[in-house]
Amino acid sequence: MIPLSWYLIFAAILFCIGLFGVIARRNLMSVLMCLELMLNAVNINLLSFWSYLYGKDLQALVFVAIIFAAAAAETAVGLALIISVYRRRVTVNANDLDMMKG
Amino acid sequence: MSFVADPINFIADWLSKLLLGWGLPPDLVMVLLFIIGSGLLATVAMLWVTILIWYERKIIGRIQDRFGPNRVGPYGLFQSIADMIKIFTKEHISPDGVDWFPFTIAPIIAVGAVLAVWAVIPFSANFVGTNLSVGILFILAIGGIGEFGIVFGGWGSNNKYALLSAFRAVAQLISYETPYVICFLIPVMLSGSMNLNDIVKAQDPWFIFLAPLGALIFFITSIAEVGRTPFDLAEAESELVAGFNIEYSGLKFGMFYVGDFLHSFTISLLFAALFLGGWKGPWAEQIPVLGFVYFFIKSSAAYFLVILLRASMPRFRIDQMMDFTWKVLTPLSLTVVSMTALVDKLLPANLIWVRIGGLILLNIIIFIATDRLLDIYWKKPLFQKNNQVEDASKASSVKLGAG
Amino acid sequence: MSILQIIFLLAALATLFCAVKVVITTRMMHSAFWLVGALLGIAVLFAMLESRFFVVVQVLVYIGAIAILIIFAVMLTRKIMDENQQRMNQLWGLAFIPAGGVLAGLIYILSRWNAFNTTARTAPVNGEDIEALGKALVSPTGFMLPFEVSSILLLAALIGAIFVSYDRKGGGR
Amino acid sequence: MSMETLVWLIPLPPLLSFAVIILFLGRQKAASHWVALSAAGLSWAASMLVFAFAIQKPNLAAAPILSSIAWLPVGKGSFNVGVQIDPLSSVVLFFVAWTILMIFIYSIGYHNFGQPAGSDDKPGLPPHGAEETHHHETHRVPSIEPLYARFFAFISLFAFAMYTLVVTDNLLALYFGWEVMGLCSYLLIGFWFAKPSARDAAVKAFLTTRIGDMFMLLGLAALYSVTGTLNYREVLSNPAVLDKLASTASPIAALSWAGLIGLLIFMGTVGKSAQFPLHVWLPDAMEGPTPVSAMIHAATMVSAGVYLVIRFYPLMAAGRLDGGQTPPMVAMAFIGAFTAIFAATIAVAQNDVKRVLAYSTISQLGFMIAALGVGAYVAAAFHLVMHAFFKALLFLGSGSVIHGMEHGALHSGDEVDPQNMFEMGGLFRKMPLTFWTFLAGGLSLAGFPFVTAGFWSKDEILSGAFGGGYMVVFITLAAAAFITAFYTMRQVTLVFLGKPRTQAASSASENSLVMTLPLVVLAVFAVAAGWSANWFKPFVGSMLGESGIEASTSLVPLITSLCVSLIGLLAGWLLYRGYEARQPDPLENILGPVYNLLKNKYWIDEFYERVFMRPAAWVANVLVSVWIDKIVLDGILHWIGRAGLSVGRFLRSKFDLPVINTGLETVFGQSPLYVGNGMKRAQTGRVQEYIIMAMIVVILVGVIVILVVPI
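One line per chain: the protein sequences are A, B, C and D, in this order. First residue of the first sequence? That's 1 in my numbering, and the numbers climb one at a time after it. First residue of the second sequence? That's 1001 in my numbering, and the numbers climb one at a time after it. First residue of the third sequence? That's 2001 in my numbering, and the numbers climb one at a time after it. First residue of the fourth sequence? That's 3001 in my numbering, and the numbers climb one at a time after it.
Worth flagging that the hints you see were computed from the coordinates, not collected in a lab. Positions of the beta carbon are idealized from the N, C-alpha and C atoms, including for glycine. Among these hints, one or two may not hold up.
Claimed, not checked - Pair by pair, the computed Cβ-Cβ distance ranges are: (1) B:LEU1309 with C:VAL2149: 37 to 47 Å; (2) C:VAL2149 with B:GLU1091: 40 to 50 Å; (3) D:ASP3120 with C:VAL2138: 17 to 27 Å; (4) B:MET1313 with C:GLN2005: 54 to 64 Å; (5) A:LYS56 with C:GLN2005: 18 to 28 Å; (6) B:LEU1342 with D:THR3248: 50 to 60 Å; (7) B:PRO1348 with D:ALA3030: 41 to 51 Å; (8) B:LEU1309 with A:LYS56: 43 to 53 Å; (9) C:PRO2140 with D:LEU3217: 21 to 31 Å; (10) B:TRP1353 with D:ALA3030: 43 to 53 Å; (11) D:LEU3566 with C:MET2144: 51 to 61 Å; (12) B:LEU1342 with C:LEU2145: 45 to 55 Å; (13) A:LYS56 with D:ASP3243: 34 to 44 Å.
Sequences and hints are given; from them, build the entire structure.
Shown next, in the form of C-alpha cells:
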C-alpha cells in the first residue's frame, strides 16, 4: 500500500514548485498558472487527509469543492485583470507593474 | 440468456469462460475483455461514420435537388469507403514552423474525445461501456477535453486563419457550454441520478414531454458544441478559408473529418438518451437487442433533424451567435431549470398526466413570455446593432481582432 | 514494490515533471500545455485516492474551463510574447529561498507527525458518497452557508471580470 | 414561525433595504424612505415580538432563546454562528428597536422631505434652502437634502449592523457588526463630504476607533486561541472555562488570561464608547447630519461598547475574590470615573448645543463603565437603557432646536450659528413641544428625583459604588452627577428660557409632526422607563446567577443623588436665568482661567497633536537640526573657539568637522534620511518581491517556533 507520506511529500514538492514559479516568473500569465499548481497541491493534501484519516466525514470534500469554486473565480478575475493590464500598458510582465514603487 | 435476445453479452460471457478455461487470472480476463470491448466499440463507431457520411450526403443532395453519391456501389453506398482509401494513401504534409506536438496530437484528441463519450452511453438495457455513477459529469469533462483538439490544431498550425478559427471556436464552445450544462441538469433533476442508464430507466414518460424547452435548448446548444451549421463560424469558408484544420492533410485531416461526423451523431445519441427515452420501447427490457434498434432509430431521427438544420439554415454572424447564447439561451435555460424544479416538486409524482400537463403548460408559458420579452427588447438598444448591417460587420471584425 | 506504488510513482513523477516544465518553459503556450499535463496527472492521483467524483470535476473544471481560459488569454496576449525575452525576473535566484524553505519546513513538520506513515485507508472503496455530499452542501445544518457564499463569490467574480475587462468606448486607454 | 427563526430575521430587513436603496433607488427620494422605514418597522415589530416572548419566558437567563448553524468547518468541529436572546440582549434589543425606528421617522423631517430642491445645493453639502414664491412674495424655505436616498441606505446598513451585534451569540459576529457600524459611522459623519471639517472628523473617528478595534481583535484572537470558542455561552456561562482562564497566567506578567483578554476587549470599548483617552472623536462626530448621526453616536453605537463590556463582565470579573477587583475592573473603574468627571467638566463650558450633549454622552458612558468596574452589573445595564432613551431624546430635541433655528435664520435672513446656545433663548414659546420633551430628557439626564428614569439608574450606580466601599469612585461620580445637573440646566435655560437673544431665535418655529412625534415617544420612555427598575433588576441580574452586587441599604447614596441633582439644577438656573445677549458666559467670572481650560477641552486634541503627530517632524527639524546640532553643539564649539583660537582651530579641523558635524549629524540628522531611503528601496512595487520578503519572514518565524516550541 502507498503510505500517506508519499502523497504529502508529493503535494509539498508541487506546492513549492508552484511557489517558486509565482515568485520567479516574469509573465503574469505564468504566475497565474503556477498559482493553479499551488491550489492543486492543496487539493491533493485535503483529499489525501480525507482518504487516509477522515473517510467518513465530508468536511474535506466540501473544502475541495469550494477550492474549485474559488480557483475558477480567481482565474476569471485574474485573467480579466491581465487582459485589462495588457490593453492599457501593453505588457503582461510582472516587473513592469511597479506603479506602487516607494 | 440466448444469443438472439442479447448477442453481445452472450459472446462476452462465452469469451470470458473461454479465457478462464485457458487458466488466465480473472483480473487479466476482465482487462482483456475491456480492451477487446472498447476496441470493438471504437471500430464499429468509426465504420458507422462511413454510413453517416453517405446518409448525410444523400439527404443533403435530395434537399438541394441533386442525387448525391450514386456511382460507387449500390446507391453510392461505397462512396465513403472510396474516400477513405483515397485519404489513407495521401501524403502527410507538415507546413513550415508548426508546433509539432500540438499539431500532431490535435486530430487524435478530436476523435478520441468523441469516442470516449460512447463509453458511458447505454446502448441497451444491459449494454453500457462503463456504468459510471457520474456519467453526465464525465460527458461534460470529455467535452472540455475535446476543445483542446481545436485549440491545439489552431495554435499548432502556425497559420493566422487557423488561429483565428480556434479563437472563435473556443469562444463559441465556452459560451454555449453554459446553457448546455444547465440543460443537462433537467434530466438529472427529473431522474435524480447522474448515471445515464438510470436516467434512461427513469424516462416514463420521455423527458421531452416533461421539459420540451429544455430539450430544445439542449438540441440547439449541442449543435453549437459540435460547430455545425448554423454554428460553423470556426470554419466559415468565406471568412477563414477552412477553419482550424486548414493546414492538415491526409489522414490527419481525415480524422478531423471523421471526428466531426462522429460528434454530430454522438450528440444525437445523447439527445435520444436524455430526452427521447434512450433504448426504451416495447419489450426492450426483455429482449435487449431491441434496445439497440430503438436507440438507433431514435438517434437517427435526431440526426436527421441535425442534417435538416444544416441544409436549411444560413450561418450566424459572430455577434449574433454570442448575443444568442448570453442574452437568450442562458437566462432562458436558468429559468427553465429553476421553474421545472419548482413545479415538478409541487405536482403529484404519481399522476402522470397531471405532471405532463403541468410541465408542458409551464413550458408554454415560459416560451410565450420569452417571445414577448424578445419582441419588446428587440427594439431596445440591447439588440440595436444587429439591425444595422454595415455597422455590425465592422463590429464583428473588431471582435475578431480582440478575440 | 506493488503495482499501485509503481503507478503512483509514475503519475507523481510525470506530474512533477510537467509542473517543472510549466515553471521553466519560455513559450507561454507550451507552458500552458504542460499545465494541462500536470492537471491530468493530478486527476490520476485523485483517482488513486478513491475520489472518483473529483477526478471528473478536476477534468471538467480545471482542464475544461480553467486551462482553456488560460490558453485563450495566452493567445490573446501572444503579440508580446517575444521568445527572446527572459522568462525569469531579476530576483529569481532569491526565489529558491522561500520555495526551499517552505519545502524543508513542511517536510520537517510532517515527518514529526505520527500519522505520517499511515497506510490504512478510511475512505469508502467505491468513491465518495456523492449523495451525502450533495445533501450536506444544501442542508442548513451542513455546509449551506459556505456553499452559498462560494456561489456569491462566483457571481461577484463573473461581474467583476466583466467590469474589469470591459473595453469602455473612447476611454480607459 | 418559531421564535428562533424570528430572531434570525430581525437584522434582515434593514440589510435588504440598504441593498435595494443603493442599487435601485438612488434618486427616488420618497421610495427610499418608504423602503427604509418599512424595513425598520419590520425589524421593530419582530424585536417587540421577541421581547414580549422573552420577558414571559421563565428562567430566560439559564435557558435563552438559542439557535445556531455550523458555518465554517474548523478542525473536527465547526465554527457556529447563531442568535441568542437572553435578558441582557432582550432589553438592549428593546431600546435599540425603539430608537432606531424613531431615528428613521425623524430623519424624514430632518432632511426636509416635501420641500423643493435647493437651486445651489450640491451633493455633499448641507442644503442651503430654496427660494419659493408664494402669493407673489418670495421667501427662503429649507430645501431637501440632495443625497436623501443615500442617507437612508447608510442608516439602514447601520441598523442592520446594530441588530446583528445585539442578537448574535458569538464574539466574531459581534465584531462583524461592530466593524460595519464603524464603517457606517465613518460614512455618516462624512455624509457632507464636501465640508473639510466633516471629512476630517470622519477620518478621525475611523482612525481613533480603529486603535481600540485593533486591541479588541487581539483580545478576540487570544480568547479563541485559549478557549477554542467565541460563543458567549461556552465561555461566559461556563464556570469551568472562566476558572481556567482566571487561573492560568498569560504571557504578560502578573495578568491571568482572563485579565489580559478582559483588558484587550475593554480597549475596544474605550475606542467605541469614547472613553478617555480615545474620546476625542465623539465631539467631532457632531459634524454629521445634526441629530441623526449624532444620535447614532449617542444612543446606539456607543452603547455597543458598553454592551460589549456588560456582556463580557463575567470574564472581566473572573477570579474575583469577594468584594475585590480584578485588573480589568480596576482599569474600568478608574477610566470610567475619570472620564465621567472629565467630560462633564468640559461640557460645562461648551456653547454648541450638540457638543454639550456629546460630552455629556462621554460622561454618562463613563458612569456605566465605572459602575461595571465596581461590580454594579445591573446598574450599568439599567443606566445603559435609560441613557439610550433620554440621550436619544435630547439629541433629537437639539436637532429639532437647530432645525427650528435654521428655519428662523432663513426666514429672518439673520446670519447666526444655529447651534450656538448663546444666540438662542426664549424658544419655549416658539417650540413648546420640543421644549417639554427636551425638558423631560434633560431632567432625566440630570437625575431629577423620583419621576425620571435617569434618577433611578444613576442612584443605582452610586449606591453600587457606595455599597462596595469604593469611596473614591463614589465621590467622583457624585461630583460628576452634580456637574451634569448643572450643565443640563444651563443648556435648558440658555436655549429655551428667557427672552430671544437674536432675530433668528425670535422667528424660529416648531417643526412638523414627523419630527416631534419621535420626541414625544422617546420622552415617554425617558420618564416612564425608570419605573421598571424593580422588574429590571432581577430580570437582568439573573444573568449572573446571583443578583449581582447587593445594593446598599444605606440612605447616603439616595440622599447624595437627590442633593447633587437638585442643587445642580438650581445652580444652573440661578446662574443663567438673567443672561443677556452678547455678554460673556457668567461661569467665566466664577471659574476664571479654568473656564478657558474647560472650553478648550483640556487641550487634549492639541496635546495629541503635540505628542503624537508633531514629534516625528519635531525630532528631525527641531531637536536634531536646531538644538543638538546648531544650539548645543555649535554653541559649545563657538565657546571653545572663543576660548582658544588655535585650540579651537585644531579641534575644529581635527575633531569638530569629522566627528561631531559629520558623525553626529550622520547619526541623528542624516540617518533617518538614509534609513528612509534604504527602506524605500524595499518598496519596489513589485508584488513578487513582496512575496519573497513575506515568505522569508514566515520561514524565520517558523524556524524560531520550531526551535522554541517542541512539537
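Here is what the structure says about each hint:
1. B:LEU1309 with C:VAL2149: 37 to 47 Å: holds (42 Å)
2. C:VAL2149 with B:GLU1091: 40 to 50 Å: Since VAL2149 of chain C and GLU1091 of chain B have Cβ atoms about 58 Å apart, the given range 40 to 50 Å is violated.
3. D:ASP3120 with C:VAL2138: 17 to 27 Å: This hint is violated: roughly 55 Å between Cβ atoms.
4. B:MET1313 with C:GLN2005: 54 to 64 Å: holds (56 Å)
5. A:LYS56 with C:GLN2005: 18 to 28 Å: About 26 Å separates the Cβ atoms of LYS56 of chain A and GLN2005 of chain C, which means 18 to 28 Å holds.
6. B:LEU1342 with D:THR3248: 50 to 60 Å: holds (55 Å)
7. B:PRO1348 with D:ALA3030: 41 to 51 Å: Since PRO1348 of chain B and ALA3030 of chain D have Cβ atoms about 46 Å apart, the given range 41 to 51 Å holds.
8. B:LEU1309 with A:LYS56: 43 to 53 Å: holds (51 Å)
9. C:PRO2140 with D:LEU3217: 21 to 31 Å: For LEU3217 of chain D against PRO2140 of chain C, whose Cβ atoms are near 29 Å apart, the range 21 to 31 Å holds.
10. B:TRP1353 with D:ALA3030: 43 to 53 Å: holds (50 Å)
11. D:LEU3566 with C:MET2144: 51 to 61 Å: Given range 51 to 61 Å: holds, Cβ gap about 60 Å.
12. B:LEU1342 with C:LEU2145: 45 to 55 Å: violated (22 Å)
13. A:LYS56 with D:ASP3243: 34 to 44 Å: About 35 Å separates the Cβ atoms of LYS56 of chain A and ASP3243 of chain D, which means 34 to 44 Å holds.
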